[in-house]
Amino acid sequence: MLFSSWGFALLIAVLLPVYYLVPKKLQQGVLLLANLVFYAFAGWFALLLLVLTALSAYAFARGIGRVWDRQKETLALHRDDWEKAQKKAWREQMEKRRRVLLVLCLVLHFGILFGMKYGAGAIGLVNSVFGTAWDGTRILLTMGASFYTFSTMGYVIDVHRGKYPAEKNPLRVLLFTSFFPILVQGPISRFDTLGETLFLPHAFERENLEAGLVRVLWGYAKKLLVADRLLVAVKQLLKFPDTYNGAFAFLGMLLYAATLYADFTGGIDITIGIGRMLGIRIDENFIRPYFSKSIAEYWRRWHITLGAWFKEYLYYPVSVSKPLRRLTKAARRFGDGFARRLPVYLATFAVWAVTGMWHGNSWNFLVWGLANGVILLVSEELSPLYERFHRRFWRIGKTWGYRAFTVIRTVLLLSCLRMFDCYATVPETLRAFGSMFTVWNLPMLWNGGIASLGLSGGDYLVAAIGILAMFAVSMRQRSGALLPRFLNRPLWVRLGVYGVLLVSILVFGYYGFGFDAGQFIYNRF
Amino acid sequence: MKKIWKTIGIWLLAVVLLIGTLFLAGRLVMPKYQSVSIEGSLTEEYYRETLPHDVLFIGDCEVFSNVSPIALFNEYGITPYIRGSAQQLVWQSYYLLEDALKTDAPKVVVFNVLALKYGEPQSEAYNRMTIDGMRFGAAKLGAIRASMTEGEDPVSYLFPLLRFHARWNELSEEDVRCLFFKQPVSHAGYLMRTEVRPVTQTPKPAPLLDPHLPSSSMEWLEKLYRLCEEHGITLVLMKSPSIVPHWYDEWDADVTAFANEHGIAYWNTLSENDAIGIDYALDTCDMGQHLNLSGAEKLSHWLGRELKALMELPDRRTDPAYESVWAEKTERYEKEKAAKTAAGN
Amino acid sequence: METLLEILSELHPDVDFAKEEQLVERGILGSFDVVMLVTRIEEEFDVVIPARLITPETFRSAATLYETIEQLAEED
Chain A
1 MLFSSWGFAL LIAVLLPVYY LVPKKLQQGV LLLANLVFYA FAGWFALLLL VLTALSAYAF
61 ARGIGRVWDR QKETLALHRD DWEKAQKKAW REQMEKRRRV LLVLCLVLHF GILFGMKYGA
121 GAIGLVNSVF GTAWDGTRIL LTMGASFYTF STMGYVIDVH RGKYPAEKNP LRVLLFTSFF
181 PILVQGPISR FDTLGETLFL PHAFERENLE AGLVRVLWGY AKKLLVADRL LVAVKQLLKF
241 PDTYNGAFAF LGMLLYAATL YADFTGGIDI TIGIGRMLGI RIDENFIRPY FSKSIAEYWR
301 RWHITLGAWF KEYLYYPVSV SKPLRRLTKA ARRFGDGFAR RLPVYLATFA VWAVTGMWHG
361 NSWNFLVWGL ANGVILLVSE ELSPLYERFH RRFWRIGKTW GYRAFTVIRT VLLLSCLRMF
421 DCYATVPETL RAFGSMFTVW NLPMLWNGGI ASLGLSGGDY LVAAIGILAM FAVSMRQRSG
481 ALLPRFLNRP LWVRLGVYGV LLVSILVFGY YGFGFDAGQF IYNRF
Chain B
526 MKKIWKTIGI WLLAVVLLIG TLFLAGRLVM PKYQSVSIEG SLTEEYYRET LPHDVLFIGD
586 CEVFSNVSPI ALFNEYGITP YIRGSAQQLV WQSYYLLEDA LKTDAPKVVV FNVLALKYGE
646 PQSEAYNRMT IDGMRFGAAK LGAIRASMTE GEDPVSYLFP LLRFHARWNE LSEEDVRCLF
706 FKQPVSHAGY LMRTEVRPVT QTPKPAPLLD PHLPSSSMEW LEKLYRLCEE HGITLVLMKS
766 PSIVPHWYDE WDADVTAFAN EHGIAYWNTL SENDAIGIDY ALDTCDMGQH LNLSGAEKLS
826 HWLGRELKAL MELPDRRTDP AYESVWAEKT ERYEKEKAAK TAAGN
Chain C
871 METLLEILSE LHPDVDFAKE EQLVERGILG SFDVVMLVTR IEEEFDVVIP ARLITPETFR
931 SAATLYETIE QLAEED
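Residue numbers (my numbering), protein chains in the order written: chain A, 1 to 525; chain B, 526 to 870; chain C, 871 to 946.
Among the clues, some could well be false.
Here are the simulated distance ranges between beta carbons [claimed, not checked]:
(1) B/GLU569 with A/LEU445: 42 to 48 angstroms
(2) C/GLU890 with A/LYS84: 31 to 37 angstroms
(3) B/PRO685 with A/GLU207: 18 to 24 angstroms
(4) C/PRO926 with A/VAL374: 22 to 28 angstroms
(5) B/SER697 with A/GLY397: 44 to 50 angstroms
(6) A/ALA353 with C/GLU890: 31 to 37 angstroms
(7) A/LEU482 with C/PRO926: 51 to 57 angstroms
Derived from the structure by calculation, the hints contain no laboratory data. Even glycine gets a Cβ: it sits at the ideal position worked out from N, Cα and C.
With the sequences and hints as input, model every part of the structure.
The structure is reproduced here in structure tokens:
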């Protein structure tokens with residue numbers, strides 16, 4: 001089920017009154033039911049897999065939790081009569097057991113995810129090598145599988161680390177795994193932070209409803225006015241990469257940046273808004289990412305929950321893992337500087353290779369991920385140079401112009417990187433990128449070029465107004481959250497804003513059957 | 526206390542403004558079908574009628590192009606109306622009749638059988654032209670449910686803004702001018718065409734894959750029959766004159782069997798052409814698909830005789846209640862005829 | 871503690887680590903610095919900070935970090 005479908009609107013319209021009218025004891029049950037109804041639209045197999053994932057995560061976490069309990073009980077029991085070494089040995093023995101369970105769990109679940117993502121491609125490869133004819137096309141990634149797998153595995157790892165005890169109620173784990181607003185496109189959620197509000201009874205609050213609603217409207221406006229509209233031009237540009245090169249490749253790069261931002265943040269706005277309407281706090285996933293002054297900062301502000309997940313559960317564990325530490329020690333022969341950098345470099349590339357694979361299953365994404373890693377490492381190595389520069393010319397660093405320069409530089413840089421996830425193949429990407437510097441066809445843009453992308457002047461105008469509005473909102477957010485300030489405005493102002501948003505979405509939104517006058521001309525037959 | 530009233534006032538105003546804006550926006554973006562695809566206006570235009578009709582023609586383009594109600598009135602005193610629109614499917618004819626029967630009381634309903642060849646919803650655009658003009662009611666909902674093609678949703682039929690909103694970008698002066706009032710395009714449901722494009726060759730019909738008309742459309746025909754029976758209406762089946770599309774003998778046999786089984790008349794004009802006298806060198810506007818004005822008047826001359834022979838129909842020419850309304854219709858008809866003939870098409 | 875402060879100022883010479891108490895929140899210590907630190911701490915203190923303890927709470931200030939190191943040394 002998609003956010004922009006009648007089914008979804010109906011689900012929300014039924015869920016909200018029922019959710020607030022039933023006795024508080026039943027509230028979470030109602031929500032769970034809504035989740036399952038929502039996800040049933042993804043197919044019975046997908047629903048089954050989701051439920052099994054939740055139950056398996058529950059069981060593994062419980063198992064790990066039991067070992068923790070046993071460790072603590074035994075240590076308490078032998079607090080006085082065991083030697084320190086004995087206690088340490090016991091702890092290590094228990095840790096080993098937990099680790100076995102954790103590894104089993106991770107291999108199982110990431111194995112399933114990996115199989116769904118790469119199964120079709122792998123079977124295709126086997127077919128082409130061995131001449132077999134297995135049908136791999138039926139292996140598809142079920143909706144939201146990446147998101148809920150990461151969320152639930154985060155939960156199991158947290159329990160393994162002893163961050164919090166394992167949940168005793170399997171329905172709660174299922175509720176967490178299947179929570180429908182976050183199934184479509186995240187954010188990847190934490191069991192402890194989402195659980196703070198997800199597992200509580202919620203009384204109806206007008207402010208929650210209104211704040212949620214305005215965020216939902218804003219999200220739809222981003223998606224339907226800007227993202228889905230510009231996507232038409234982006235698709236057209238990408239369809240004929242060798243015709244639309246040079247200035248068109250540059251235009252495509254910028255349009256894609258705008259499309260992706262509007263689509264992804266708009267979707268998250270809808271998600272968080274719906275959570276808010278239900279009284280549930282969902283983590284933010286974006287903090288004005290295009291205002292970042294460096295790629296490293298950008299990755300702390302774009303798709304925050306994914307970056308945090310990788311950092312916490314992959315980057316740090318890999319960098320302090322035993323093999324890597326051993327390697328570091330061995331590398332000291334080549335100098336301390338080299339040895340100390342080794343874990344950082346290896347962990348960075350590992351994380352970015354996986355991040356690339358997370359985003360898609362072609363070579364482009366791998367190259368894209370590794371290129372991100374390279375830029376991060378290079379700018380990290382150059383940072384002493386920057387710091388010296390700023391100490392020497394501290395006035396420049398404080399100017400508005402310099403900050404704007406760093407922001408624009410960052411956006412351009414990451415847009416260039418993203419070309420890998422636009423174009424179909426690596427060579428095609430490099431060709432398009434190269435053409436931006438070698439092909440001079442800027443005048444063609446306004447000599448009919450822009451008009452050939454499937455959008456009319458009016459469409460560009462609507463998108464431009466939408467982008468300006470997003471920019472204005474972001475600028476105002478720099479001085480603190482906008483929503484609480486907005487909710488303090490007089491009623492007529494608020495209603496006016498809702499009305500304008502709603503009417504704009506309904507009239508100017510890019511949805512439904514496109515009106516094609518030609519389709520209506522009766523051909524007399 | 527004062528504050529509560531103020532809040533209520535603001536809410537009321539906001540709701541009224543919102544509904545008003547959406548209503549106006551919806552009307553504005555609806556295609557007006559005044560100069561392009563004018564057949565899209567036909568369904569709606571029926572509701573301008575102030576008097577009941579003794580005969581209703583229902584069907585697709587083969588009724589709104591081929592039958593002239595004005596000629597039928599002036600020659601025989603019959604008061605007909607055509608509820609036909611482009612590619613109007615059987616179930617759409619059924620629901621348009623059901624809708625008409627809420628306010629009309631025909632004695633005879635003539636159904637053109639060509640659309641029976643379609644057993645499935647066909648095209649979103651034609652659905653729109655047929656259904657959007659219908660007044661709200663059970664019949665409209667039924668027509669929507671039966672007609673939707675894949676990817677259509679019923680909500681956008683109830684709120685056409687959702688379907689046509691993308692037209693904001695191509696609004697014309699006509700959309701503003703015809704926001705609330707449209708010019709009539711038809712003469713009691715008839716669209717006049719006077720150009721002559723003779724038949725030069727008869728294309729060989731493609732072999733028929735299924736020797737029978739789709740069972741779903743025959744079921745709808747059965748429903749149509751029962752609807753007429755309930756209202757004491759005589760149903761007549763008609764196949765209008767045409768060269769293309771080809772009317773297969775197999776289909777004709779199915780319709781003949783249905784008519785015999787139900788004891789109703791089936792007028793296949795294709796085999797009556799000696800009496801009707803359609804000359805495909807003169808009487809067609811598009812090489813044998815549809816008749817032009819002269820063809821329509823020839824057919825109407827024949828139809829009037831057949832209708833009179835079928836049953837006693839009152840002569841409304843002498844009825845003072847009908848006189849002025851039909852005089853006005855006739856005047857507009859003659860004016861358009863003169864203008865089109867003078868223009869040479 | 872002195873050794874730790876030395877290691878820290880190797881990374882960012884211009885930060886007064888003895889006073890700063892929001893190293894992570896203010897973005898002074900990035901993920902690169904953290905991994906570098908963990909490596910250096912192992913070299914100097916022979917203590918490995920496990921992944922579960924690599925949190926903003928641990929790296930908030932030199933004091934909190936030192937506390938963690940001492941705790942880990944004790945457990946061994």
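Consistency of the hints with the structure:
1. B/GLU569 with A/LEU445: 42 to 48 angstroms: Since B/GLU569 and A/LEU445 have Cβ atoms about 44 angstroms apart, the given range 42 to 48 angstroms holds.
2. C/GLU890 with A/LYS84: 31 to 37 angstroms: 35 angstroms, holds
3. B/PRO685 with A/GLU207: 18 to 24 angstroms: Given a distance of about 36 angstroms, which is not inside 18 to 24 angstroms, the answer is violated.
4. C/PRO926 with A/VAL374: 22 to 28 angstroms: About 27 angstroms separates the Cβ atoms of C/PRO926 and A/VAL374, which means 22 to 28 angstroms holds.
5. B/SER697 with A/GLY397: 44 to 50 angstroms: This hint is violated: roughly 56 angstroms between Cβ atoms.
6. A/ALA353 with C/GLU890: 31 to 37 angstroms: Hint holds: Cβ distance 34 angstroms, inside 31 to 37 angstroms.
7. A/LEU482 with C/PRO926: 51 to 57 angstroms: Roughly 26 angstroms apart at Cβ, these two residues miss the hinted range, so it is violated.
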